[in-house]
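Asker: Residue numbers (the numbering used here), protein chains in the order written: chain A, 175 to 578; chain B, 175 to 578.
These aren't lab readings, by the way, just hints derived from the structure by calculation. Warning: the hint list may mix true and false statements.
Since the list gives no way to pick one copy over another, a pair counts as held whenever it fits inside one copy or between any two copies.
[As the list claims (entries may be wrong)] With a straight-line Cα cutoff of 30 Å, these simulated DSSO-like cross-link-like pairs (lysine-lysine) come out: (1) LYS314 <-> LYS296; (2) LYS363 <-> LYS495; (3) LYS232 <-> LYS222; (4) LYS394 <-> LYS222; (5) LYS288 <-> LYS232.
2 protein chains.
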Amino acid sequence: MLIVQKYGGTSVGSLERIENVAKRVAKTKKEGHGVVVVVSAMSGETNKLIDFAHHFSKNPSPREMDLLLSAGERVTSALLSIALLERGYDAIALTGRQAGIYTNSVHTSARIDKIDTKAINKHLQDGKIVVIAGFQGITKESEVSTLGRGGSDLSAVAIAGAIKADLCEIYTDVDGVYTTDPRIERRAKKIDKISYDEMLEFASMGAKVLQNRSVELAKKLNVNLVTRSSFNDNEGTLITKEDNIMEQPIVSGVALDKNQARITLRNIKDEPGIAAKIFSKLAQSNINVDMIIQNVGQDGTANIGFTIPENELEKAKSVLKELDASEDTEFDSNIAKVSIVGVGMKSHSGVASRAFSALANDNINIEMISTSEIKISMIVAEKYGELAVRILHEAYGLDDRHPA
Amino acid sequence: MLIVQKYGGTSVGSLERIENVAKRVAKTKKEGHGVVVVVSAMSGETNKLIDFAHHFSKNPSPREMDLLLSAGERVTSALLSIALLERGYDAIALTGRQAGIYTNSVHTSARIDKIDTKAINKHLQDGKIVVIAGFQGITKESEVSTLGRGGSDLSAVAIAGAIKADLCEIYTDVDGVYTTDPRIERRAKKIDKISYDEMLEFASMGAKVLQNRSVELAKKLNVNLVTRSSFNDNEGTLITKEDNIMEQPIVSGVALDKNQARITLRNIKDEPGIAAKIFSKLAQSNINVDMIIQNVGQDGTANIGFTIPENELEKAKSVLKELDASEDTEFDSNIAKVSIVGVGMKSHSGVASRAFSALANDNINIEMISTSEIKISMIVAEKYGELAVRILHEAYGLDDRHPA
Numbered sequence: 175m176l177i178v179q180k181y182g183g184t185s186v187g188s189l190e191r192i193e194n195v196a197k198r199v200a201k202t203k204k205e206g207h208g209v210v211v212v213v214s215a216m217s218g219e220t221n222k223l224i225d226f227a228h229h230f231s232k233n234p235s236p237r238e239m240d241l242l243l244s245a246g247e248r249v250t251s252a253l254l255s256i257a258l259l260e261r262g263y264d265a266i267a268l269t270g271r272q273a274g275i276y277t278n279s280v281h282t283s284a285r286i287d288k289i290d291t292k293a294i295n296k297h298l299q300d301g302k303i304v305v306i307a308g309f310q311g312i313t314k315e316s317e318v319s320t321l322g323r324g325g326s327d328l329s330a331v332a333i334a335g336a337i338k339a340d341l342c343e344i345y346t347d348v349d350g351v352y353t354t355d356p357r358i359e360r361r362a363k364k365i366d367k368i369s370y371d372e373m374l375e376f377a378s379m380g381a382k383v384l385q386n387r388s389v390e391l392a393k394k395l396n397v398n399l400v401t402r403s404s405f406n407d408n409e410g411t412l413i414t415k416e417d418n419i420m421e422q423p424i425v426s427g428v429a430l431d432k433n434q435a436r437i438t439l440r441n442i443k444d445e446p447g448i449a450a451k452i453f454s455k456l457a458q459s460n461i462n463v464d465m466i467i468q469n470v471g472q473d474g475t476a477n478i479g480f481t482i483p484e485n486e487l488e489k490a491k492s493v494l495k496e497l498d499a500s501e502d503t504e505f506d507s508n509i510a511k512v513s514i515v516g517v518g519m520k521s522h523s524g525v526a527s528r529a530f531s532a533l534a535n536d537n538i539n540i541e542m543i544s545t546s547e548i549k550i551s552m553i554v555a556e557k558y559g560e561l562a563v564r565i566l567h568e569a570y571g572l573d574d575r576h577p578a
Numbered sequence: 175m176l177i178v179q180k181y182g183g184t185s186v187g188s189l190e191r192i193e194n195v196a197k198r199v200a201k202t203k204k205e206g207h208g209v210v211v212v213v214s215a216m217s218g219e220t221n222k223l224i225d226f227a228h229h230f231s232k233n234p235s236p237r238e239m240d241l242l243l244s245a246g247e248r249v250t251s252a253l254l255s256i257a258l259l260e261r262g263y264d265a266i267a268l269t270g271r272q273a274g275i276y277t278n279s280v281h282t283s284a285r286i287d288k289i290d291t292k293a294i295n296k297h298l299q300d301g302k303i304v305v306i307a308g309f310q311g312i313t314k315e316s317e318v319s320t321l322g323r324g325g326s327d328l329s330a331v332a333i334a335g336a337i338k339a340d341l342c343e344i345y346t347d348v349d350g351v352y353t354t355d356p357r358i359e360r361r362a363k364k365i366d367k368i369s370y371d372e373m374l375e376f377a378s379m380g381a382k383v384l385q386n387r388s389v390e391l392a393k394k395l396n397v398n399l400v401t402r403s404s405f406n407d408n409e410g411t412l413i414t415k416e417d418n419i420m421e422q423p424i425v426s427g428v429a430l431d432k433n434q435a436r437i438t439l440r441n442i443k444d445e446p447g448i449a450a451k452i453f454s455k456l457a458q459s460n461i462n463v464d465m466i467i468q469n470v471g472q473d474g475t476a477n478i479g480f481t482i483p484e485n486e487l488e489k490a491k492s493v494l495k496e497l498d499a500s501e502d503t504e505f506d507s508n509i510a511k512v513s514i515v516g517v518g519m520k521s522h523s524g525v526a527s528r529a530f531s532a533l534a535n536d537n538i539n540i541e542m543i544s545t546s547e548i549k550i551s552m553i554v555a556e557k558y559g560e561l562a563v564r565i566l567h568e569a570y571g572l573d574d575r576h577p578a
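Construct all of the structure, not just a fragment, from the sequences and the given hints.
Answerer: Dropping the structure here:
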């Protein structure tokens, strides 16, 4: 097989850990696979460099920032290559430029335009382990660029797509994707396989294993993504296209998001365009509105309720104050969003009603509901958040019968 | 004027010092000059990276080492550029590659083959301060290379030569070149102007302001070099071609080298080629022989005496033991080499005799003598080293009448 392995900052956070990564990479190579390794900067390094820059300027030049930050991944890639060579494996470290990673010119959050795979393929054909500095690329103008947060994952996925790798393994400090947060429900199980779309829903609800940009790219390039831990030998979670998953459970997992706030505008005039006006103003201020409910009252006035991320509440308050759309506005951050995700929903009816009755059974009131093809989200009082997760986890048969 | 300024590791050793360098650079620009800045890695950074590499391998791949070590200068150049931009100066940081510094492929001690000045000149024409990562370049094969110890000085001199700069200022933590070590003779004076050849003699005797490679390159490219301190505003020492120095003193300075050892081989057979055999063997072992004296005795045997660096004494002992050229070999590391340097010697007679009689006056025995066109070196007992320096410093009228 041709395998791309990506090791994040924690996995290469010390010289001992880099040594450990070298062992893993060597083992994969020894098993007969072609191996490309993508590395992040040692944990803490990127933040240190950002702090350095902020010593000089609150708003440092993005071009110079990219030159600065690209140093971290160069160091890790060179060290890993040295460690592999010492173990008797033929390895070569490549910068983003040398690996042929071309990006657009949006410094500090560049997008990969294309990957010229000539150098990578040549070294693979020579039997070498190719160690690539993640997070960075080069523009048409030969300027150093970086891909923004989670950029090394993007590098790995894009490279895997370009060289048609069989697998792209993303190593972090967690074992994979779980049916829910194991700190909430100890009977949570690691998911063996999950579809891109389900993963996207999980990621957007704060599951931190992978960022959406990487999953989206993997979906687009049809890259088989595996997320697993660099600290043990457990099998991880395979993120792949729906067709590759034989047995689809109705619900794959349950997610909890407590960083939500609800805003309710009462008795606003039911005139055309009032809702559009509110939401376009919020969008202009970069406030992400999630769920929306609108009721029209009998007296011709309307109530609009919607949720936003809790940390954008103050910004939203000032936007709404300016708009002056309602004299009766309520803000509530004591809410939680509980979501069930599963591609199996598409082909099964009655999925939602099972959630509603399970929560009703325990007297948990559902305050808002929104559904998509593969997700049902419910707003409940914050204090019921964890309980709701456990109830739903059991209701959809996700509990591990043999918890650790 | 067009000025290249190079700041060494100590001068950029902390964020505060980089800020200080930014002030200096800004001042130069404000005075109306075109400015190119070459920076080293922050002091300690390069050694830290070398230690990291040695954690994995005693003998790390030179190619990967260059990739690793080049990170340090990138960081400094980006930070200085950010600091200058923040002060309202248009600046741009360039890597060795972006600055067009092409080298041969000898990793970790590459030589500069050529400098493509297109990018530097374009940015200068745009009125920008060009900040270049020193010590690094790129090979024809697009591999990152470094120039070895003192490499940033070489970068600065080569760039100054290529863009025909009026001045190349090398900033360190000392004020310039002195007539002798001020710790030995407090009446030592800073030299205002000195010729390349004199500086080469000083450098090869351990004056650490500049390495010979840089002075040689400056001489070859006819670059006016100034060495000065980044911690004060004192004028430095101009190193330039002889013709540019109007008033040549007979002697420019006195140097002391206590890291010398003398080896005396007595009663070796006076057969043809015996000396050649000894010195070629020593050369093969990379032992640098400095002064040599050979006497032929009346009985047809010869004595050979020569000096080598003290730290190569053990190596030399084993080479000589293998050769077995003499049964009467003496090793003496209690010696010091005192040298007087001056281009004025060429046109003055009696320079040497003044030294000999000055030392004789104080009963200091001269054990070996070697002379070149612009230098006279004398071996004395180590305990007389400092005294000999002070005597010669006074004898050639070098004493500052108003010492600090």
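Asker: Against each hint, give a clear statement of whether it holds in the structure.
Answerer: Here is what the structure says about each hint:
Taking identical chains as interchangeable, the C-alpha atoms of LYS314 and LYS296 lie at most 30 Å apart whether they share a chain (22 Å) or sit on different chains (18 Å). For the homomeric pair LYS363 and LYS495, neither the shortest alpha-carbon distance inside one copy (45 Å) nor that between copies (73 Å) is at most 30 Å. In this assembly of identical chains, the alpha carbons of LYS232 and LYS222 lie at most 30 Å apart whether taken from the same copy (15 Å) or from different copies (28 Å). In this assembly of identical chains, the alpha carbons of LYS394 and LYS222 never lie at most 30 Å apart, being 34 Å within a copy and 42 Å across copies at closest.
Proximity of LYS288 to LYS232 under the C-alpha cut-off of 30 Å is found in neither arrangement, the shortest distances being 32 Å within a copy and 38 Å between copies.
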